[in-house]
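Colleague: Here's the letter readout for the chains.
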Amino acid sequence: DTAVSQTPKYLVTQMGNDKSIKCEQNLGHDTMYWYKQDSKKFLKIMFSYNNKELIINETVPNRFSPKSPDKAHLNLHINSLELGDSAVYFCASSQAGADQPQHFGDGTRLSIL
Amino acid sequence: SQKIEQNSEALNIQEGKTATLTCNYTNYSPAYLQWYRQDPGRGPVFLLLIRENEKEKRKERLKVTFDTTLKQSLFHITASQPADSATYLCALDFDTGKLIFGQGTTLQVKP
Chain A
-13 DTAVSQTPKY LVTQMGNDKS IKCEQNLGHD TMYWYKQDSK KFLKIMFSYN
37 NKELIINETV PNRFSPKSPD KAHLNLHINS LELGDSAVYF CASSQAGADQ
87 PQHFGDGTRL SIL
Chain B
5 SQKIEQNSEA LNIQEGKTAT LTCNYTNYSP AYLQWYRQDP GRGPVFLLLI
55 RENEKEKRKE RLKVTFDTTL KQSLFHITAS QPADSATYLC ALDFDTGKLI
105 FGQGTTLQVK P
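As given, the protein sequences belong to chains A and B, one line each in that order. According to the numbering used here, the residues represented by the first sequence are -13 to 99, in order. According to the numbering used here, the residues represented by the second sequence are 5 to 115, in order.
Some hints could be false.
No more than 20 Å apart at the CA atoms, straight line, and that leaves these computed lysine to aspartate or glutamate pairs for EDC-like [claimed, not checked]:
1. A/K(-5) / A/D85
2. A/K27 / B/D88
3. B/K102 / A/D4
4. A/K26 / B/E56
5. B/K7 / A/E68
6. A/K30 / B/E9
7. B/K75 / A/D24
8. B/K102 / A/E68
FYI, nobody ran anything at the bench for these hints, they're computed from the structure.
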């Protein structure tokens, strides 16, 4: 009964490929997020959705496209993968509101060859 | 732009002692400040949230302080245990729902 689950856990692929990461939460939260954690361990927000609507879109290349089919799911599709996309991607969810703690998945480690 | 600084060097302490981790920030004070714990290969886990108008928050062996004059938050773990060994992240929220994370401080508690 994992609260925030993301698949796959590891993703190894060639430069130029397209890949997707899936995220599901069973906490009944309205808001979901995608973060990128680079090799220096900085965790940076990429996107946030509230009830299937995009509310935060940081300066992320448009090769990254989030999709929220319903409020329990937020997927991340990446086109034309580049070496610099190698990182750990975390999905998170929270109740709506700025003072709410966020619940994270265990990450997807993306390695570009 | 807003900067957050946490000690990049690991903090090594003896079991039973109090661990104190620092989070400094520049420019504006956040409306909320959160602390998370991250273990290797896992996602961050929420620990405590403190509001701009609060000086201190406690939860079991954990204590967080927030000084908007010094632009600093301190995170204390009393009676530390080897199981407390992890990376601790502070995160600021300027009432936008967007968390800005520090790079974290790794704590090692030795038996």
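Colleague: All hints are to be evaluated individually against the structure, with a verdict given for each.
Modeller: Evaluated hints:
{"no.": "1", "hint": "A/K(-5) / A/D85", "in the structure": "29 Å, violated"}
{"no.": "2", "hint": "A/K27 / B/D88", "in the structure": "19 Å, holds"}
{"no.": "3", "hint": "B/K102 / A/D4", "in the structure": "28 Å, violated"}
{"no.": "4", "hint": "A/K26 / B/E56", "in the structure": "28 Å, violated"}
{"no.": "5", "hint": "B/K7 / A/E68", "in the structure": "28 Å, violated"}
{"no.": "6", "hint": "A/K30 / B/E9", "in the structure": "14 Å, holds"}
{"no.": "7", "hint": "B/K75 / A/D24", "in the structure": "26 Å, violated"}
{"no.": "8", "hint": "B/K102 / A/E68", "in the structure": "26 Å, violated"}
In this structure, the earlier hints numbered 1, 3, 4, 5, 7 and 8 are contradicted, and the remaining ones agree with it.
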